[in-house]
Amino acid sequence: MTAVFDILLAIGILGCAAAALAVRERTAAIAAFMVAGLLVALSWVRLGAPDVALAEAAIGAGLTGALLLRSARRLGPVRPRSVGWPVLGSAAILSAALAATLAWAVASSRGISSYQSLVAERLSESGVTNPVTAVLLNFRAWDTLLEIAVLSVALMLVASVGTARIRFDRLGEMMLPCARIVVPLLVLVSGHLLWLGSSDPGGAFQAGAVLAGAGLVLVMSGHVPTAGRAVDIARVVGLSGLAIFVIAASAAQVLTGGFLQFPPDVAKAWIIAIEAGLTLSIAATLVLLFLGLSRHSRS
Amino acid sequence: MTETLVLLSLPFLAALAAALHARLSAPIGIGATALNAAAAVLIAGGVLREGPATTAIGGWSSPLGIPLVVDGLAVVMLLMTAFVGLGVAVHAMGRSPMDAGPARLAQTRRWFWPLWLMTLGAMNALFLSGDLFNLYVAFEILGLTAVGLTALSGSRSATAAAFDYLIAGLVGSLMVLLGIAIAYAAVGQVDLDIIPSLVATMQGRIALALIVAGLAIKGALFPLHFWMPAAHSSAVPSASALLSALVVKTALYVLLRVSLEGGADAAPLRALLGAAGAGAMFWGGWNALRAERLKLLVAHSTVAQIGLIAVAIGVAGDGMLWKAAVLLILSHALAKAAMFLAAGRIAEELGHDRISGLNREDLRPGAAEFAFAIAAISLVGLPPTAGFIGKWILMEGLIDDGAWLWVGLILIGTVLSAAYLARVVSRCLRGGPHVAPGARRPEWRSGDAAALGLATGALALGLASSIPVALLELTPA
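In order, the protein sequences belong to chains A and B.
First residue of the first sequence? That's 1 in our numbering, and the numbers climb one at a time after it.
First residue of the second sequence? That's 1 in our numbering, and the numbers climb one at a time after it.
The hints are simulated quantities; they were obtained by calculation from the structure and are not laboratory data.
Warning: the hint list may mix true and false statements.
Unchecked claim - With the C-beta cut set under 7 Å, the calculated list includes, among others, these residues of chain A facing chain B:
(1) 111
(2) 117
(3) 118
(4) 142
(5) 153
To be verified - To be clear about the criterion: a stretch of chain A counts as covered by chain B if any three or more of its residues have a C-beta under 8 Å from a C-beta of chain B, and this derived list gives those stretches:
(6) 103-110
(7) 128-141
(8) 204-210
(9) 253-264
What the hints assert, rightly or not - Beta-carbon label-pair distances, calculated as ranges:
(10) 362(B) <-> 95(A): 57 to 63 Å
(11) 286(B) <-> 72(A): 37 to 43 Å
(12) 441(B) <-> 224(A): 55 to 61 Å
(13) 156(B) <-> 88(A): 28 to 34 Å
(14) 422(B) <-> 69(A): 53 to 59 Å
(15) 401(B) <-> 106(A): 35 to 41 Å
(16) 443(B) <-> 73(A): 43 to 49 Å
(17) 160(B) <-> 73(A): 19 to 25 Å
(18) 34(B) <-> 254(A): 55 to 61 Å
(19) 125(A) <-> 51(B): 26 to 32 Å
(20) 422(B) <-> 86(A): 40 to 46 Å
(21) 125(A) <-> 383(B): 53 to 59 Å
(22) 156(B) <-> 3(A): 24 to 30 Å
(23) 69(A) <-> 429(B): 53 to 59 Å
Virtual Cβ for every residue (Gly too), placed ideally from N, Cα, C.
Let the hints inform the model, and build the full structure from the sequences given.
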């Protein structure tokens, strides 16, 4: 039964990907992309990686889709471009050869990870019991810090390029009642995911993405101003994630003598505190990426 | 360890402060760049005194955690980044209009500092990292900041070039990531120590091939350099200088590390680098000879010079010739930063950057032209510049090995670079009867000081090349 499900899932992912590439209409292509993202999230569940599945569903399918839809509206219709058969043919042959090589390389590898046993062995020293959180926020926290830096750079980039701010059309009568139910629920779910991250699948990225969803609902319902002080505060919160992480890493060096080496007895408190800051920062960053940051419209 | 702390955290914190305080961004930027340079000098002193050291970030030893490797090669690259960055920062602090219209100028000046400081932090992280996946994350930061720096001028051509750069960079990143994933599948971990076991198996070689291809895109190595001339020539001068002098070097640095760690088994990789490098020397040189605009000539010259560095890594074998490659990287960083800043100043005085219009009768050559000429001398490799020392070590080694083909190729590449740089130098330094008696002199700007300083640095490094060579001795191969 599960084999049938897996095969259908694989066909579905490939079909959605093909549709996203082939469809001429931008909104339809993005819809196909978002469905593909959800199916990929399902496949992560099947592969036994619920943390990745949550992140993929929230960020890969949800927020990326929202960002794409936002941009598609400004782009106008797709202009058809004809590509010659020789180009298509040689691209197909090259891709097939590369895919075959990669498939062979992966299939013939021994697939023994050094990390699983090491993580299991040292998990008790990390302060948390979810191995994914232990790796992301303690064993390889430096990677995560740099990933947060990537988010900060994305925010700076959008501000420096001067993406025009989005204007919302008036939404229907049901928006406000819906927002009244959805927003508190999303905030609760986000807090739950954040807390859960120390022992079960969850954590700052997933919690932040869910919180960003709540932020988008608020913005679209017209209850939060999309200019002035609110945006300035969101900008500070968005950039604060990297600041919190770097300051925590440096403070750890002052206390224990090692960069990012949290005091072992209270490592859990450090991790939760950093993750709480990151959740807010990730949410603010994602909302701002959607809104656009420019003060001046582009000439 | 305090120096490492400064190198890893100060640029990021300063970048955030500069992003939030528009009015203070220039003082924050220049202050942080200067402190970073001081920390780089201190860490170099530490390595000279106590030798290379590896520490485990967070106290988790490799392979569970990420190792921080402070050795001679890493320190030399940190010093290069710190001082070239300081020079460019002095230029950016000045009043130069940075090629932008008045409406865009505020935006350009506002975001230069945060983007540069994030670049600096990412480069420090990259040079100190001993882990493939961590290198990939550092490249992710660099890929985005470099696109931001390219697009800073806000012009249509710069935005288009930045978009192409973004796409090329993403393809490169994906290939590196795919390579790392396959390396993980093949040997079960991702620190740099696995490279010897990667070159020993077929799966590992496929993984390395993907990583090298991704790095070749990021490092603008021929024939994957297609995105680079447009990006480097349409950015504002200080951004071009940072991108051409520093950012592309990160990929070359990782290629060099892979070649060094791979040892004798990495010979096919080095053969590939040598062939691509030879192609780059000719293709870049030929395009630089034909370029009509000054900045485009300088950008194509970067293609050729990266080719020379790739050849140096390629022919080094597992002997000591790789030190020549590092000297060439250093010399190109200083000279090319000086050259882009000088080209920016020349274009600003003339109002255009067409090479055919460089010799004007009513304008005397100024400090920028002089800086350009010194930088050209270093790029061609005339004594006593660092470029000369690098080429000398390389040629001496090749002649000892009897590798006459490579000697010939490098000589032809050198002649090409002398030819295309002479197109500029012969025009803009021309005095005598070509200049009218009442010709004005260009005004002195802090940008001139930066260009002159960097060019003089390339000259002086030739005389003081024993310092980097002594540091490079302290690299466990």
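Open item on the list: Given a hint of 55 to 61 Å, does the C-beta separation of residue 441(B) and residue 224(A) actually sit inside it?
Closed with: Holds, at about 57 Å.
- [ ] State, for the Cβ atoms of residue 443(B) and residue 73(A), whether the hinted interval 43 to 49 Å holds or is violated.
- [x] 47 Å, holds
- [ ] With chain B as the partner, please determine if residue 142(A) meets the hint condition of a C-beta pair closer than 7 Å.
- [x] 5 Å, holds
Task: Annotated coverage of the stretch 128-141 of chain A by chain B, confirmed only when three residues or more have a Cβ within 8 Å - done: holds (count 4)
- [ ] Hint says 53 to 59 Å; check whether the CB-CB distance for residue 422(B) and residue 69(A) agrees.
- [x] 54 Å, holds
Open item on the list: Between the beta carbons of residue 160(B) and residue 73(A), is the distance compatible with 19 to 25 Å?
Closed with: 21 Å, holds
Open item on the list: Three residues or more, CB to CB closer than 8 Å: is that satisfied between the stretch 103-110 of chain A and chain B?
Closed with: holds (count 5)
- [ ] Could you tell me whether the CB distance from residue 286(B) to residue 72(A) stays inside 37 to 43 Å?
- [x] Given range 37 to 43 Å: holds, Cβ gap about 41 Å.
Open item on the list: Interface hint check: residue 153(A), Cβ to nearest Cβ on chain B, cutoff 7 Å. Holds or violated?
Closed with: 4 Å, holds
- [ ] Take the stretch 204-210 of chain A, compare each residue's beta carbon with every beta carbon of chain B, and decide whether three or more fall closer than 8 Å.
- [x] With 0 residues closer than 8 Å to chain B, the stretch 204-210 of chain A misses the three-residue bar; violated.
TODO: Using the Cβ atoms, figure out if residue 156(B) sits within 28 to 34 Å of residue 88(A).
DONE: 31 Å, holds
Task: Range agreement (Cβ of residue 429(B) with Cβ of residue 69(A), hint 53 to 59 Å) - done: About 56 Å separates the Cβ atoms of residue 69(A) and residue 429(B), which means 53 to 59 Å holds.
Going through the hint list in order, the structure does not satisfy hints 2, 8, 18 and 22.
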